[in-house]
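Protein chains: 2
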Amino acid sequence: MNNKKMENLFAPQSIAIVGASNKKGKIGTVLVNNITKLGYQGKVYFVNPSYKMIGLKKCYQALTEIPKEVELAILAIPAKFVCETIEQASGKVKNFIIISAGFSETGTAGKKMEEKIEKLAREKGLHILGPNCLGFIAPPVKLNASFATGLPSAGNIAFVSQSGALAVALMDKAKKEHLAFSKIISVGNKMQISESELIEYLGNDEQTKVIGLYLEGIKDGQKFLKVASQVSLKKPIVILKAGKTAKTQVAIASHTGALAGSDEIMDVAFEKAGVIRANDLDEFLNLLKLLSNYAAPKSSTCAVITNAGGAGVLATDAFKDKQITLAEISAIAKKKLRKILPSESSVENPIDLLGDAQEDRYQAALELLHQEKIENVFCLLTPQGQTRVAKIATTIVAQAQKRGLDIVPVFIGGEKIVGALDIFIKNKLVNFATPEAAIGALEKYRIWQQFRENNSKVSVLKIDSQRKSLSQEIIKKAITEKRKALSFADGASVMELYGIAAIAHSDVTAENIQSLTIGFPLALKVDSDTILHKTDQGGLRLGIKNEEELKKSFSEMQTAFPGEKIIAQAQVDKFAEIILGIKKDPIFGPVIVYGLGGIYTEIFKLVNFLLAPMSLKEIETQVLKSKIGFLFKGARGQKACDAKEFAKILLALMNFAQENPQVAEFDINPLFIYNDKQRACAVDIKIIF
Amino acid sequence: MNNKKMENLFAPQSIAIVGASNKKGKIGTVLVNNITKLGYQGKVYFVNPSYKMIGLKKCYQALTEIPKEVELAILAIPAKFVCETIEQASGKVKNFIIISAGFSETGTAGKKMEEKIEKLAREKGLHILGPNCLGFIAPPVKLNASFATGLPSAGNIAFVSQSGALAVALMDKAKKEHLAFSKIISVGNKMQISESELIEYLGNDEQTKVIGLYLEGIKDGQKFLKVASQVSLKKPIVILKAGKTAKTQVAIASHTGALAGSDEIMDVAFEKAGVIRANDLDEFLNLLKLLSNYAAPKSSTCAVITNAGGAGVLATDAFKDKQITLAEISAIAKKKLRKILPSESSVENPIDLLGDAQEDRYQAALELLHQEKIENVFCLLTPQGQTRVAKIATTIVAQAQKRGLDIVPVFIGGEKIVGALDIFIKNKLVNFATPEAAIGALEKYRIWQQFRENNSKVSVLKIDSQRKSLSQEIIKKAITEKRKALSFADGASVMELYGIAAIAHSDVTAENIQSLTIGFPLALKVDSDTILHKTDQGGLRLGIKNEEELKKSFSEMQTAFPGEKIIAQAQVDKFAEIILGIKKDPIFGPVIVYGLGGIYTEIFKLVNFLLAPMSLKEIETQVLKSKIGFLFKGARGQKACDAKEFAKILLALMNFAQENPQVAEFDINPLFIYNDKQRACAVDIKIIF
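Chains A and B, in that order, give the protein sequences. Letter by letter, the first sequence follows residues 12 to 700 in our numbering. Letter by letter, the second sequence follows residues 12 to 700 in our numbering.
Everything labelled a hint here was simulated from the structure, so no lab data went into it. Any given hint could be a false lead.
Copies of the same chain look alike in the list, so a pair counts if it fits in one copy or across any two.
Distance condition first, Cα-Cα at most 20 Å in a straight line; then the derived SDA-like pairs of lysine to any residue [to be verified]:
| id | residue 1 | residue 2 |
| --- | --- | --- |
| 1 | 35 | 475 |
| 2 | 186 | 433 |
| 3 | 16 | 413 |
| 4 | 413 | 501 |
| 5 | 595 | 674 |
| 6 | 122 | 354 |
| 7 | 127 | 575 |
Bound conformation, chain A alone (with noise of 0.2 Å):
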């Protein structure tokens, strides 16, 4: 799927519309009325068997009937005649729209529909959106390919929503807060164009500045991954995803029957592919007003000027646990910033103008600000009984142009700056009802800026092809001798390719235990791939100090687990213990997850995700502002652990996971950390297929 065929998907010079009608209350008559009134200078052709005429204008008996070219065609047909329409036509047209619903989401028979569809659609080279969606709206070149109401303003906001109905509430809203849009693409049932489709089109669309999407699922992890690191790379990708919890997926599973994924890992994924993620409608609102008006910020500081002390004061409040902060003022502007204001005013920041400022002070106060090179400046105001609102918002705007400031106008009120936020909107300053909604919205604005200057390529795991035939070597072996996990022992030589030690083990049978190397206290484990479990049963003998000791309780250990192979390990001390490994998730395939283990590991629960591919350097940045980031920074005056290492692990594991794909599951548990230089090592290691 290239761009240029997206674009005579989305951009089309000529349209079919399958089902075309004049009766009312029928899509196909909402189709022709939104295709035909309202602007769109392309070719319009109707199909319908049942009419001649509609209108002024032919209607074909079917789409290879037309004479010219087709590059689009929309079909509103019940959903059985749709896959045959598509294939006798196939030869003429290659994108179509299939707004009709029935199809994977009603079950087992419209799922075999869908699943023809796909296929006909690769053999043949189509590009189809849909089917069960409202179509797609291009208000630059006035075409509403959907059957919803109306034409939204054109702009630089491109929104994809997986469900049409919220696309409809929020052009609604929209109108109401100026938004405007490049597209407005409705995406249904993604059979074949997904949000990963869509986002690298997209990202090549030259009207569209932000792309949103409301998803309920993630299609291909992994593409979505690839594709939204690159755009995120050019311009800023807005996510409200719903499905936070248990509940959310099953309300989406009757929704959509899409797959939310986990929360948690969708958050990891997010960042790492520098998605801006809106936790509600509001503050996805928020955001695409911001984003869409004004540049990225290029700095973490802000300003914030005011009219009212408890409007700023509830500002600074909003700067709680923010990556963006409040400037500190420098002595010679609070001294400039003295002359000009009165006495009582406070030179701090936020700047308080007093309660009766007018349009001067604002100007003074943005002036100098100007001078300090402090940019993103918040300008709160109260309507109070003599503040010139219009006058203040015009000053506003004005020093806005002139100096290329980002300034974010915060007017708090009702009817009395009805007029200033007119004015706002005529100068593509975006208000903002309240200082949190702004602060909030330029935060993350910022924080995608950043992305995007430390992010300009994106990593790749190198795969080590002799590392992977060993290692398929070992595993291979197992799975043909019927074993479902690898022995420990055979798991530490696994481990041992990868570059992670495990801690000093051996077989032990009634002929060597007089002479193992291991020395005293040792532990005695049962080492079966069936007993999982070995602690609650009476596998696993901690504390071993002699020989004596450890006959017993080889003896009795061979009892109660016949057949089965027993091991010797070392018991050594720790620093820290670790649990990692990998999960497989049902989107983004294998994640690493590594935790603090031992006896608060379920209290506490301090659990990562990471996502490959990662590089070493990132993997280490990551550790360090993890949950468990505190044992490499050496808290409370010890030692810190070597944070290089460990990632040097993790690292290691993302390899394993792409190297030895039949791994169902991957634990180590625990691994010993030293901050001593001490080696980490593997204490248990569980590899199952």
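Keeping the supplied structure of chain A fixed, place chain B upon it in accordance with the hints.
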């Protein structure tokens, strides 16, 4: 200050405006217009020595010249004349509003003037609002006794604001949101009438159903707790409390000079008093909207019905981490729903009525939920092509009125839903713009309702006079001896009085070192009020295993700390280490602090706060809910520690703080606790005066 007198202030029969004027731009002019032209029915007098007449009305030279009774005088005159004016009139007028600024907010001189007025008020039994305030507005009696213009709608919300400008902005915003008020009160410097007095007064005000406050500081924490706890049993108090960060504290100080207090302790105080805390301006308005129009939710389960799957999915997400939940719909009800609704509908909760749903489906679903006794129904709607928005709104209103259900509409859109919003407003239903906002507000309302159900009486701490005099004896003796802290032995004796055991210990001297009754291993400690950080300076030796080591350590310690007392302590095992103590909060006084001790103290920061008074039962509940609750709930199959025993220790600390007010700092660190019926014991005790 009693209610009757407050009533004279806020519902006066007669008002004198001191500083009345007719010059444009003067506050005195705004006051004259506000009080005489908006419909206030009481007597009004003007006072200003510069005028004989203002308009057609006589203007008096001084308050004292007015021949009739004056219930309230509003002063809008320069600060320097205020005290004199009040003093002269204090025989005649008992209630004042000081609009004038220039008092404690400006520095020392202003503060002195304010203190003088406060003294006067106390001596003469006056009630004074302000200084440095906007005044107040009482829409039900059409009285605007402030210099904000206009008269908001009369309703049941009392709004108290520590920021006049924010009050004006919110009034303007409120018009748009259709909020209606019983009182709007600007408190200014809170010289005499602060949040506590107003909460008490408004608690008894029949016109007020909800009390909303914007606060930057709390004047008297103890009084606030007492008053708010009582009023919360009658009506909800919603507070937007600024001051979440250290930076905000600075901003507040430069704004009103108020002390913002530790935000975490503020949260504890609000929870204890049943106060609903709004996190930001939007949430504050949403809460006022819901609470002023709806009865408190009687149950914690909710239903969502929607015509858009996507909106239902977002609503489900909004229940994440909430105490209110989506109700299970019974199998019978689902069966009924399936009969009523099209086959593709979802009859799970959220109930998806599908995109073509009209009023009949909404009605059927609402009726069924009523039969099912599921309250708290969120009615979601997106305006799709065919949706009869107004008809559905009318149906929802009828259902809500007929059945007394708590139906909260969430119509998402812009122009297309304007008509529906009008229908809701006229019928006292409140529409929310997003499911998140509606569900968030309802949850907080429900939590308040539960507070009211569970806290019908307020706890009292009893003073035990014998225990008090014994502990005071020990502390006073130490103070007399000019010690700054109690020795461990003295601390242990005091703790014993409060039922807290200390670890076995004994003084060690050259004479008794042979005959110590504490077994090995033991610890040696310097027990001094000047060497508080024993560990750092070598004043603590652990793991002394025999007499020889004991003698050696003792002699070394004597050399290192000549003349200091040395004690031996038993060295015992523990299950967990706890730190606990008393922190003196500048607003709320002594606060009990407890958390996880040992190596994870600073990493996990599992610290909790408690405010006295509390009953043993209340403390136990809090302990189980606290960040270290896992210790008392037997996580991971481990036996639980005794929550009741630990609650008794915390209650003892509350008693100790109350009975020994000289104590400036108090710490037990660590306290060893057990899960095997062993008694908890204090290993180190610091009591500093």
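Hint check results:
1. 35 <-> 475: For residue 35 and residue 475, neither the intra-copy (65 Å) nor the inter-copy (84 Å) Cα distance is at most 20 Å.
2. 186 <-> 433: Classified as both: same-chain Cα gap 13 Å, cross-chain 19 Å, threshold 20 Å.
3. 16 <-> 413: Neither. Shortest intra-copy (42 Å) and inter-copy (57 Å) distances fail the 20 Å Cα cut-off.
4. 413 <-> 501: neither (70 Å within a copy, 72 Å between copies)
5. 595 <-> 674: So residue 595 and residue 674 pass the 20 Å test inside one copy only (9 Å; across, 57 Å).
6. 122 <-> 354: For residue 122 and residue 354, only the inter-copy Cα distance (17 Å) is at most 20 Å; the intra-copy one is 73 Å.
7. 127 <-> 575: Neither: 51 Å inside a copy, 90 Å across copies.
In the structure shown, a violation is registered for the earlier hints numbered 1, 3, 4, 7, in ascending order.
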